[in-house]
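Enquirer: Just add 4 to wherever you are in the sequence shown, counting from 1, and you've got this note's numbering.
Any given hint might turn out to be false.
To be verified - Capping the alpha-carbon separation at 25 Å, the derived lysine-lysine pairs in BS3-like fashion look like this:
1) K135 / K413
2) K32 / K251
3) K229 / K32
4) K251 / K135
5) K349 / K229
To be verified - Ranges between beta-carbon positions, derived for each pair:
6) K413 / D279: 54 to 60 Å
7) D343 / T35: 23 to 29 Å
8) M377 / G207: 43 to 49 Å
9) R124 / E155: 16 to 22 Å
10) S182 / S217: 41 to 47 Å
11) K135 / T412: 36 to 42 Å
12) T35 / D279: 42 to 48 Å
13) D212 / E417: 43 to 49 Å
14) R117 / K349: 41 to 47 Å
Derived from the structure by calculation, the hints contain no laboratory data. A virtual CB, placed ideally from N, CA and C, is assigned to each residue, including glycine.
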Amino acid sequence: MLASAAAGALAAGGIYELVDQFAGEAPKRATPLLDRPDEQHLLDSVSVVLDNNVEVVVPPRHHQLVTASVRADDVRAAQRDLSGALDELERRYDQTPAGLGVTLAWGLPYFERRVPEAWRVHAPQDRRARKGALLAAARFPSDPHETLLEENEVAVLLRSDSRDHIAAAARVLFNDLSLFDVTSIRRGFVGGGLPKKLSMAAGVPGADLVPESAQLFLGFTSTQKDALGPRLIANHETLGYVDLGPKHYFRQGTHMHVSHLFEDLEAWYLNFDFDERVATAFQPGRPHVRDGTLTVPQPLRRADSSRDVERDFRRQGRIGHSSSIQASSRLQHQYVAEDGTVYEKGTAIPQRADFNTLDNPFVWSSRSEVDGMQAGPRAGLHFVVFNPSSDDFHRNRMAMDGVLPDGTKLPLEARARQQGFNSILRTTHRQNFLVPPRRHRAFPLAEL
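Using the sequences and the accompanying hints, generate a full structural model.
Expert: Take a look at the structure:
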């Protein structure tokens, strides 16, 4: 019964069928010039447009994340079956927004239950944290006590400008094969103007307050090119943060954090005027930003330090979201990678892949009561981000709460108005995953 319910949910479009109707023709994308990358989390031919003289990345329009447990008992045979299905999808679609991005990410429960001996040998280790590069999810100081720390074995992220491509991939991976038991289905969208149009159509409180052309429910543009990590920087190996072990099995892989957040639109737009929203999203005391601006420049070479954030707090009594995390999310010094690539000071490390959602909190769940499934749409965000390790993500998230990389703890109450976005966000779920390279994406380590 559960399997048929999940299959029905995967096939249904719901409110998201309106995305293409509201957005119109898909963005024009360049033909990929490179061979398919070794990294499965990267997309080629992603468009860039100018807004307010800032380069802005245009992500795929449709997003779906499916979590699951492993049904198969023989993971070696399952590895062959899944590899064949993924190869078939690659023959159909380029790894581009116009085609299909498929990213398989594996949780600690998979590695510890299914391949424990091989995992002990090959698990990547975080040199800075002196812990594994993949850690169990943690609650942060501003998280509600009821935030669920999930234990899914696998998560599959599907991204495309075409909803049909995503639906076809879901059928291949979850209907045609009998390898997984789906635990949740999460959907959403990215695109200027879509948050307001979709939330208005869904009758979400505060939808009328969202700016007409906003990319996010909270208004400001999040995909500025200079604020996103460049192509290979989130790989385990690039910055030297991670020891890949004796065989470098997970080289060209990365770490993926997934969380779901509800966003209180009425509190954001009615309780915060525009200047306070700028201070909250970016930096308190920053030079005046013209009222209504959505793309507020975050230049490449800007990298606030812990000392800068503490100074702003002492002067202004608050922290801004962007400035507070820059001490951990942007390089504080120039770095030359082993392949000779020069990453300048101020280069962003995380590669965001988050998307707006009206899920409450998911489209479908196999444990609806535990996951807090509710009827009716709500404004939210499925936050998906690639970092070199769990600890690297945790450092960024702790900085949002005023716990800075140099050990400074700013005297902020959890979810206080002065604490960046935290007062208008509520996190419902979290989990960390490891994203292997393409060559090992299907049941990693099962062949050893």
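Enquirer: Could you grab the alpha-carbon distance between K251 and K135 and see if it respects the 25 Å cut-off?
Expert: Given that 25 Å is the threshold and the Cα spacing comes to 19 Å, the pair holds.
Enquirer: Does K32 pair with K251 here, judged by a C-alpha cut-off of 25 Å?
Expert: violated (41 Å)
Enquirer: Check the following: the C-beta atoms of S182 and S217 are separated by a distance inside 41 to 47 Å.
Expert: Holds - the Cβ-Cβ distance for S182 and S217, about 45 Å, lies within 41 to 47 Å.
Enquirer: That 36 to 42 Å hint for K135 and T412 (C-beta), does it hold up?
Expert: violated (22 Å)
Enquirer: A range of 42 to 48 Å was offered for this pair. Does it hold for the Cβ distance of T35 and D279?
Expert: Holds - the Cβ-Cβ distance for T35 and D279, about 44 Å, lies within 42 to 48 Å.
Enquirer: Do the beta carbons of D212 and E417 sit within 43 to 49 Å of each other?
Expert: violated (31 Å)
Enquirer: Does the Cβ pair R117, K349 satisfy 41 to 47 Å?
Expert: holds (42 Å)
Enquirer: Quick one, are K349 and K229 close enough, alpha carbons at most 25 Å?
Expert: Roughly 15 Å separates the two Cα atoms, so the pair holds.
Enquirer: CB of D343 to CB of T35, is that within 23 to 29 Å?
Expert: Given about 26 Å between the Cβ atoms, the range holds.
Enquirer: For M377 and G207, compare the CB-CB distance with the range 43 to 49 Å and indicate the outcome.
Expert: violated (18 Å)
Enquirer: For the pair supplied as a hint, K229 and K32, is the alpha-carbon distance within the 25 Å limit?
Expert: holds (18 Å)
Enquirer: For the hint 16 to 22 Å, verify it against the beta carbon of R124 and that of E155.
Expert: holds (19 Å)
Figure legend: structure checked against the earlier numbered hints; hints not met, in rising order: 2, 6, 8, 11, 13.
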